[in-house]
Amino acid sequence: MTNPLVCVKRVVDATSEVVLTEDAQGVDGRYAGFTTSAHEECAVELAVRIAADGGAATVVTLGDDDAVEQLRAALAVGCAAATHVVADPQAFGPADVAREIAAVVRDHEAAGTPHELVLLGNDAADTGDFQVGIRLAYELGWPVVNGVSTVSVADGEVTATGSGPDGHETFRLPLPAVVTVLEGGVEPRYPSVPGRMKAKKAPIEERRPTADPVGPSRVRLVLPPPSPSTVQVLGEGPASAPAVVDLFEQLGVLAR
Amino acid sequence: MIVVLVEVTPTGEVVETSREAMTFARDLAAAGGGVPIDAVVVGHPDDALVGTLASYGARRVHALTGAAYDSFSGAAWAAGLMAVRERAGAVVVTAAGTSRGNEVLAHVAARSALPMAANVVSFSSLSPFTVTRQVVGGAALEEMSLSQRPAIFTLAGHAVEAAPAATAGAGELVVETPDVADADLLARVISTEEPEPDLSGNLKSARVVVGAGRGAGSAEGFDDLLELAELLDASLGVSRVVTSLGWRPHHEQVGQTGSRISPDLYIPCGISGAIQHWAGCSSAKTILAINTDPDAPMVTKATHAVIGDLHEIIPAVNAEIRRRRA
Ligand SMILES: Cc1cc2nc3c(=O)[nH]c(=O)nc-3n(C[C@H](O)[C@H](O)[C@H](O)COP(=O)(O)OP(=O)(O)OC[C@H]3O[C@@H](n4cnc5c(N)ncnc54)[C@H](O)[C@@H]3O)c2cc1C
Ligand SMILES: Nc1ncnc2c1ncn2[C@@H]1O[C@H](COP(=O)(O)O)[C@@H](O)[C@H]1O
Chain A
2 MTNPLVCVKR
12 VVDATSEVVL
22 TEDAQGVDGR
32 YAGFTTSAHE
42 ECAVELAVRI
52 AADGGAATVV
62 TLGDDDAVEQ
72 LRAALAVGCA
82 AATHVVADPQ
92 AFGPADVARE
102 IAAVVRDHEA
112 AGTPHELVLL
122 GNDAADTGDF
132 QVGIRLAYEL
142 GWPVVNGVST
152 VSVADGEVTA
162 TGSGPDGHET
172 FRLPLPAVVT
182 VLEGGVEPRY
192 PSVPGRMKAK
202 KAPIEERRPT
212 ADPVGPSRVR
222 LVLPPPSPST
232 VQVLGEGPAS
242 APAVVDLFEQ
252 LGVLAR
Chain B
13 MIVVLVEVTP
23 TGEVVETSRE
33 AMTFARDLAA
43 AGGGVPIDAV
53 VVGHPDDALV
63 GTLASYGARR
73 VHALTGAAYD
83 SFSGAAWAAG
93 LMAVRERAGA
103 VVVTAAGTSR
113 GNEVLAHVAA
123 RSALPMAANV
133 VSFSSLSPFT
143 VTRQVVGGAA
153 LEEMSLSQRP
163 AIFTLAGHAV
173 EAAPAATAGA
183 GELVVETPDV
193 ADADLLARVI
203 STEEPEPDLS
213 GNLKSARVVV
223 GAGRGAGSAE
233 GFDDLLELAE
243 LLDASLGVSR
253 VVTSLGWRPH
263 HEQVGQTGSR
273 ISPDLYIPCG
283 ISGAIQHWAG
293 CSSAKTILAI
303 NTDPDAPMVT
313 KATHAVIGDL
323 HEIIPAVNAE
333 IRRRRA
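Protein sequences appear in the order of chains A and B. Here the first sequence is numbered in my numbering, starting from 2 and rising by one per residue. Here the second sequence is numbered in my numbering, starting from 13 and rising by one per residue.
I should point out that these hints are in silico values taken from the structure, not numbers from a laboratory. Please note that a few of the clues may not be correct.
[Said to hold, decoys possible] Straight-line alpha carbon distances no greater than 25 Å define the calculated SDA-like cross-link-like pairs of lysine to any residue that follow:
hint: 1; chain 1: B; residue 1: K313; chain 2: A; residue 2: V234
hint: 2; chain 1: B; residue 1: K216; chain 2: A; residue 2: L252
hint: 3; chain 1: B; residue 1: K313; chain 2: A; residue 2: G196
hint: 4; chain 1: B; residue 1: K313; chain 2: A; residue 2: L235
hint: 5; chain 1: B; residue 1: K297; chain 2: A; residue 2: S228
hint: 6; chain 1: B; residue 1: K297; chain 2: A; residue 2: P225
hint: 7; chain 1: B; residue 1: K216; chain 2: A; residue 2: E250
hint: 8; chain 1: B; residue 1: K216; chain 2: A; residue 2: L255
All chains, full assembly: derive it from the sequences and hints.
Dropping the structure here:
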């Protein structure tokens, strides 16, 4: 029986146009919409599969009131419980977030529902700090495996695999442990209708941060300067094939 | 002093992004009035490797050796890096923004209770030390202050061009056997599967590259693109989405965490043109983007574009090439 904790973050959907807040400390999501990143969706999927051995997966986020949406999305695909650390995520740096998640782990253990495994994304889609999982591991004094795409638990050990610079790598270590996940190893499931209904009604544990945040080391955000487009559109659809091959001829890449 | 974690390929060469990190460290050192740069590698480097690092300006090359370094462990690498940095009192610890680089430096940052800036592209001031880094998938940049010492950051791949130093460093080899605690070896690689052959050399030197992104749709969606590559005697280059989803091997990836290409012609099909992808293809002479979205960054940055479904356009282009050749 394994009771993983999985950490998700409400992030702006960066596929639409990115607009900064007036104080340039964050991204204004009003126009963009919000989502859970692909890495974290895979982490949720892994947590749910791991808990299928008779355990229960818990999802946690540190975020504003609206972040409940991301918790409900994880409940809808099989997480059994949710914890919401209600706070302004922009005021919390990676060390702050790690400390707050560690506090959740300790408090749940004290309450008799310990997590032997914490899953996170490898990097958050907005701040991209690449470090909350590792800082969390040091807070808890647990080992950490980073950037893997499959994770399984058996006999008190976690086995994780991912692609490294020298080939496909396998890690195996005793629980408890922290693991950070990259997308690609599992296909996140879609919520079922009963899953969505259940998620709507599921109670969410709400808590406040345990300490004032140190904050990120951010000075400000800036948008890269727009580059004027000088693209020459050759056409639309398959009818443009002759124009494309003309270009190949002009560039001399067709000869052989 | 600046300490640079340097990664080495299985065949014993310095990886390109680590050479970039050495180059960036030199710029930083020069701005700081000529502070020395020490490289840290894992394993026993041969003379050629030490020579390369000296040519990039390394005063010393510290080699982390011993049983703890037989297989990868982020904590063990960090322990070794920190031993070197503490002894020398380095003011900066840096590495390339690769999976290893970001991981090991995050360990260093956590162990030192200091901030870390991931994927830096430039620095704007030395006091307070201020760097600019990629956030929101590259759609925005963050100015970040790293005023405490050591400053810990990774350099985004291909943010600078790797170049040897005008005057080489002494390149003195220092073999290190740091004490590594058992706890730092719990999360270590227990086995590595034989990697796919690294054919990225062909990609990097190709005159024409056919690119493919998420728009290819599935692992089965590459037939027409491969045929076009064949017809043009081109290499196939792909986005990270394509390698993450396992549609194509990693050595075909173009971008910040893949290869940097500079072909005469790049034909990105179904690739949105995220900054991390652009970092690997911006030096292509001509770019012909094929995309359903006329507003995709790849389209607006390209020299030429065709708007539409690649699965309709590419077969038509292939047929046209065959027709003209017949
Ligand atoms: C630290 C870091 C490092 C990274 N390193 C890299 C890297 O090295 N290389 C890299 O590529 N990415 C890298 N990325 C990821 C990068 O941010 C993007 O997520 C990725 O490049 C997007 O891939 P894509 O363009 O294939 O997919 P998407 O962004 O999803 O774009 C798909 C595009 O295909 C178009 N399309 C869809 N269907 C069709 C069709 N039928 N015909 C034609 N067009 C179609 C769409 O309009 C869209 O423009 C990195 C990210 C981070 C955070
Ligand atoms: N505010 C947050 N709430 C919950 N989890 C978070 C939060 N911020 C970061 N994380 C987790 O930590 C991972 C790495 O984030 P980062 O180090 O900020 O790039 C993310 O993928 C999440 O799983």
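Status of the hints after comparison with the structure:
Proximity of K313 (chain B) to V234 (chain A) is assessed by CA-CA distance (about 12 Å); at most 25 Å being required, the pair is judged to hold. Our distance criterion of 25 Å between C-alpha atoms is met by K216 (chain B) and L252 (chain A), whose separation comes to about 19 Å. A threshold of 25 Å between alpha carbons decides the hint, and for K313 (chain B) with G196 (chain A) the separation of about 43 Å lies outside it, so the pair is violated. With a C-alpha separation of about 14 Å, the suggested pair K313 (chain B) and L235 (chain A) falls inside the 25 Å cut-off, and the hint holds.
Taken as a hint, the K297 (chain B) and S228 (chain A) pair is honoured in the structure, with Cα atoms around 17 Å apart against an allowance of 25 Å. The straight-line distance between the Cα atoms of K297 (chain B) and P225 (chain A) is roughly 22 Å, inside the 25 Å bound, and the hint therefore holds. Taking the CA atoms of K216 (chain B) and E250 (chain A), the gap is near 23 Å; set against the 25 Å cutoff, the hint holds. Under the criterion of a C-alpha separation no larger than 25 Å, the hint pairing K216 (chain B) with L255 (chain A) is consistent with the structure, at around 20 Å.
Of the numbered hints stated above, the single one contradicted by the structure is hint 3.
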